[in-house]
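**Q** Going down the list, the protein sequences come from chains A and B. FYI, the working numbering numbers position 131 of the first sequence as 134, with every residue one higher than the one before it. FYI, the working numbering numbers position 109 of the second sequence as 116, with every residue one higher than the one before it.
Read the hints as simulated data drawn from the structure, not as lab findings. Bear in mind that the values here come from a model prediction, so they are computed numbers and not experimental data. There may be inaccurate statements among the hints.
Claimed, not checked - Coverage of chain A stretches by chain B, computed from C-beta distances (three or more under 8 Å per stretch; other residues unrestricted):
id, stretch
1, 135-147
2, 166-172
3, 217-223
No residue lacks a Cβ here, since even glycine has one placed at the ideal position from N, Cα and C.
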Amino acid sequence: MRAVAPEAPAWPDTTVLPGAAAPPDESPVGETVIAARDLGVTFAAGGHETVALTGVDLTIRKGEFVSLIGPSGCGKTTLLRLIADLTQATSGSLTVNGTTPAEARQQRAYGYVFQAPALYPWRNVERNVMLPLEVMGLPRAERQQRAARVLDLVGLGEFRRRFPWQLSGGMQQRASIARALSFEPRLLLMDEPFGALDEITRDGLTLHLHQLWRRTGLTAVFVTHSVLEAVFLSTRIVVMSSRPGRVVAVINSRLPRERDLDVRETPQFLAVAHEVRVALREGHEDG
Amino acid sequence: MNRVLPVLCVLAVVIAVWFAASVPMNWSQAQALADDDATWTDIAEATQSLSRPLLPTPAQVAGEMVTTLVGYPVTSPRSLLHHALVTAWESALGLAISLAAGIALAVGIVYVRTLDRTLMPWLVASQAIPVLAIAPMVVVVLGNIGVTGVLPKALIAGWLSFFPITTGMVKGLRSSDVMQRDLLHTYSATKLQAFTKLRWPASMAFLFPAMKVAAPLALVGAIVAELPTGAQAGLGARLLTGSYYGLTLQIWAALLMAALLAVLAIGLVDAAQALLVRSRGGRL
Numbered sequence: 004m005r006a007v008a009p010e011a012p013a014w015p016d017t018t019v020l021p022g023a024a025a026p027p028d029e030s031p032v033g034e035t036v037i038a039a040r041d042l043g044v045t046f047a048a049g050g051h052e053t054v055a056l057t058g059v060d061l062t063i064r065k066g067e068f069v070s071l072i073g074p075s076g077c078g079k080t081t082l083l084r085l086i087a088d089l090t091q092a093t094s095g096s097l098t099v100n101g102t103t104p105a106e107a108r109q110q111r112a113y114g115y116v117f118q119a120p121a122l123y124p125w126r127n128v129e130r131n132v133m134l135p136l137e138v139m140g141l142p143r144a145e146r147q148q149r150a151a152r153v154l155d156l157v158g159l160g161e162f163r164r165r166f167p168w169q170l171s172g173g174m175q176q177r178a179s180i181a182r183a184l185s186f187e188p189r190l191l192l193m194d195e196p197f198g199a200l201d202e203i204t205r206d207g208l209t210l211h212l213h214q215l216w217r218r219t220g221l222t223a224v225f226v227t228h229s230v231l232e233a234v235f236l237s238t239r240i241v242v243m244s245s246r247p248g249r250v251v252a253v254i255n256s257r258l259p260r261e262r263d264l265d266v267r268e269t270p271q272f273l274a275v276a277h278e279v280r281v282a283l284r285e286g287h288e289d290g
Numbered sequence: 008m009n010r011v012l013p014v015l016c017v018l019a020v021v022i023a024v025w026f027a028a029s030v031p032m033n034w035s036q037a038q039a040l041a042d043d044d045a046t047w048t049d050i051a052e053a054t055q056s057l058s059r060p061l062l063p064t065p066a067q068v069a070g071e072m073v074t075t076l077v078g079y080p081v082t083s084p085r086s087l088l089h090h091a092l093v094t095a096w097e098s099a100l101g102l103a104i105s106l107a108a109g110i111a112l113a114v115g116i117v118y119v120r121t122l123d124r125t126l127m128p129w130l131v132a133s134q135a136i137p138v139l140a141i142a143p144m145v146v147v148v149l150g151n152i153g154v155t156g157v158l159p160k161a162l163i164a165g166w167l168s169f170f171p172i173t174t175g176m177v178k179g180l181r182s183s184d185v186m187q188r189d190l191l192h193t194y195s196a197t198k199l200q201a202f203t204k205l206r207w208p209a210s211m212a213f214l215f216p217a218m219k220v221a222a223p224l225a226l227v228g229a230i231v232a233e234l235p236t237g238a239q240a241g242l243g244a245r246l247l248t249g250s251y252y253g254l255t256l257q258i259w260a261a262l263l264m265a266a267l268l269a270v271l272a273i274g275l276v277d278a279a280q281a282l283l284v285r286s287r288g289g290r291l
């Protein structure tokens, strides 16, 4: 019996973003999208220094879904912000799509989803989703087309004209994801997007996100503190620990590429989750 | 209807108290003018229809307003409507000036760090200066350089009303949160785009309350600017001539007209806000 969350829509089979490759059946070994070598960030504030991140070596390839998991203060959000060029590294090197993060940001290589929906309350859902398209200067007709497509993809098609405060938290976060996808980036960066939601909504949205990823062939980097989310969604799980923020372990997920919520009870899932928890504990003890 | 009813109730109470107060306030004058055999009732009646009462009754004021509003052509200096329109025009111009100046100053304070640190004390000081004392000097100086008529009064009206708009807009332009700004950063939006798409719409929630404060201030500024300058037209001028010739009815009619203009001004700001709220789906 499939677990279906209350908000899960029926996925129309024909809804695929243009330009997306047909989802492959095996884990793709594609080109490198993100390459970090000995990456570090030290914040100097009020006289003393905080080492937010140190010695991070990480390679993320096209089509992967990589989760960053760890306790608070382990630098996972900082690492995501480095990739997004919202923060600058103080040591080491980082390339996104082969160039600097700043250059990748100028090329609009990624969509970013924050912890809160960060929708503009004076715009309705459709106009919120069209915001990046407006900034990029697309003509109105094309903006509306893309917005309609991506809103259908996340199942908010009938709520186009509603305003953010008229939607539930889960729907707002879906709108935020739609906005991040509206200009069809190949890379999706998400910072604990489901953290503020209740478990039932989270389950539904996690499943959505997984199906979206399979359909579109995106590369995704997903920050979370939930082991279940990390193991369910990812092809690889990067376990981090704090003081100083660093990578403790990188775990490959051996789960099949096509998953539904029931996979969470299979022995393979529990084995991977166990590995993650062990790594988290070790990181905690070392730090 | 249930928004108008409380206002009408309060209005009815105010008018009742006003009527009641007019009897004792006008008593000594009525008594002095009455015949020796007048009774209390006669004197009480007389208090309601004195020609230069200390406290005109609501009926007298209403009567005076109606006569001077419709009884004379709009171009005549005897028409209250003429003076009301002059003052309304001066304050509208003043409000437009204060909007432009207030918004420009706010944008400067938010975007230019030096202005942020140095400008605010000067703006506060500009409000601490008593306008009534400065207004005649300002008008004379402006008159010397050829600026006469409506503009000096509009400038003083603007002076009195720009500060709430500046402070409101500064707060409004800074009211967006970090995530909303970071979002635009991830799109490589220009500073102008960040202004038009985020900061300006976010500041509307602060601009309209500020304008509700600024609109009556502009009206007060226009009237105050007319007072010391020997102006020919406007509600302030009407107050002056009324007090010069001892025409209390004229003074009261002018005061009430000014109050009505203030209500109208705030009503217009409310209407503009309602239009914006409608385009935003019901919330500012």
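**Q** Hints first: check each against the structure and report whether it holds.
**A** We went through each hint and held it up to the structure:
1. Evaluation of the coverage hint for the stretch 135-147 of chain A: fulfilled, as 4 residues show C-beta separations to chain B shorter than 8 Å, against a requirement of three.
2. Three residues within the 8 Å Cβ limit are the bar, and the stretch 166-172 of chain A against chain B gives 3, so the coverage statement holds.
3. Counting residues of the stretch 217-223 of chain A whose CB falls under 8 Å from any CB of chain B gives 0; the rule of at least 3 is not met.
Hint 3 from the list above is the single one not met by this structure.
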